[in-house]
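Guided by the hints, dock chain A onto chain W, whose structure is given.
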Amino acid sequence: MPALVRVALGWLALMLAVALLADLIMPYGVTALDLRNRLAPPAFMGGTWLHPLGTDELGRDVLSRLIASIRMSLVIAFGATLISATFGTTLGFLAAHFRGFVEQIVMALADFQAAMPFLILALSVLAFFGNALGLLVLLLGLHGWERYARIARGLAVSAGAQGYAAAVRQLGASPLRLYGRHVLPNIASTLIVSMTLVFPEVILLESGLSFLGLGVQPPATSLGNMVGYGREYLTRAPWILLSPASIIVLTTLSVSLVGDWLRDRLDPTLR
Amino acid sequence: MLRFLLLRLARALLTIALVVSFAFVVLRLSGDPALLIMSVDAPPEAVAAFRKAWGLDEPLWRQYLSYFGAIASGDLGRSMRDGRDAIVLVGERIPATLALTVPALLIKLGLGIPAGVYAALHRNSWADRLVMFLAVAGFTVPSFVLGLLLVLVFAVQLGWLPSGGQDSWRHAVLPIITLGVGGAAVLARFTRSAMLEVLGQSYIRTASAKGVPWAQVVRGHALPNAAIPTVTIIGFMVGSLIAGAVVVESVFSWPGVGRLLVVAVANRDLAVVQCILLLVAATMVTANLVVDLLYGALDPRLRRGGSR
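If you're matching them up, the sequences are chains W and A in order.
Mapped onto our numbering, the consecutive letters of the first sequence carry residue numbers 29 to 299.
Mapped onto our numbering, the consecutive letters of the second sequence carry residue numbers 45 to 352.
There is no bait here: all hints are sound.
Quick look at which bits of chain W chain A covers, simulated, 3 or more residues with Cβ under 8 Å:
{"no.": "1", "stretch": "229-241"}
{"no.": "2", "stretch": "258-265"}
Here are some of the chain A residues that sit facing chain W, going by a computed Cβ distance under 10 Å:
{"no.": "3", "residue": "66"}
{"no.": "4", "residue": "200"}
{"no.": "5", "residue": "287"}
{"no.": "6", "residue": "290"}
{"no.": "7", "residue": "329"}
Hints are computed from structural coordinates only; laboratory data are not their basis.
Since the model is a prediction, treat every value here as computed from it, not as a measurement.
Idealized CB from N, CA, C, for every residue including glycine.
Bound-form chain W, shown alone (with noise of 0.2 Å):
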């Protein structure tokens, strides 16, 4: 494994951890108040250790924000990415399996989805229906998934030409079983490299998003909420963008070189 991946990989076990912990390594409350420390630098800017990264216009603790957005960010991205494979494997299977008609409509879907710039079908999508937060995860859960869609109805097609699916169709099991439980495990490493890809994809859309004041709304926070509330104090108080910010750079860098490594070890026929 090279060292690179390495980094990667242990950056990604710090964030999931930092996430899972976020209540009981918050030093303070997301929303608590230090009137009297507003706008502090970080430690390493000439501040105190009271507030190790410093604190906004409002005095609260940039670095507990930081771990309550790291939590969001990456609740949002998992269930998206969770919602996006499912739904687009199971449609892939459904166009597999029927063929005709019904994989011509999953196909012209898919064709759509992808011509599409998504940015914009989620801003409208936004626009019409507010932004809870249950709804921008269902619509983050809505990219990519023509790209899983594809690769499932690709595979599971080649695959029911192979004696392994002839054999248990023949051997009397249901559909569901079929696609289940020895379809899925056997294209499950190509799903899982697509997952690496569209990760970070969510991420940087959720962040932008909630950049743009249309994702997460406030008191919950996100990364790309911090980064456009340190927007307005770029000059006086650089450090509230440019933590949240490394994070985002850092991780998507992160599962982008986990999943380069993981395509070159899993899926020689992608690269």
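Showing chain A alone in chain W's frame:
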């Protein structure tokens, strides 16, 4: 070839119809626009009058048909906020957006393609590694972070360029760089893998084995074949000329289509949102259609075979 073109055209129209239906369904599902626009305690007569004025009191299928009819005749509705035609509002913003996205596209092509080709031709050299590292970094740094970092360095620290607004060409420099660099990274990565794919083919080996100079093999055999997949992604970039700057325009307070979209979404100005949605779909579909035509020109097999 004609059949291929007609099929593509039918598909393009189908995509537009899908977008129109998508806008209509989403619009209907989202609840009563009358109550969204007017306050909750508005008098019932006012709400009824609003519904009548916007045709919201008719049955759903009639609304769907008249919706399609209106769009086909170019009537995209009026902004529910200031009453002007949505299409005029959007049209006013297009030049400002193109002033950013067209130069950015030139940067993407001028930087991305040569970098990708060079990296592929010098595989595993330090230049290749550098290009790939920059390409991955360019993909993972979101445009708003890159834009704000550029502002921090060139506007706040050095004071060379303004941080936002649209008063002179100097205001356009940072947004154009922000847009161009990210896209160049994507294009470089894509071009490199397309080139590597082609360079591994047996006809390249045959050509160089029979003594054709390497430069000529690259120019005559590798580049044209690698161009085919690359054209697809360039088509996508051309298609997003109008909508590709949403975030960057917001970072630099640039009054383009993207900024208008964000403001319209925040205000629930549905006519404007839908107008932009259709405009984006139309440019995207047109760009894809042109890409399909280019495929025909680039790949003689498609011209003869008629379909892919």
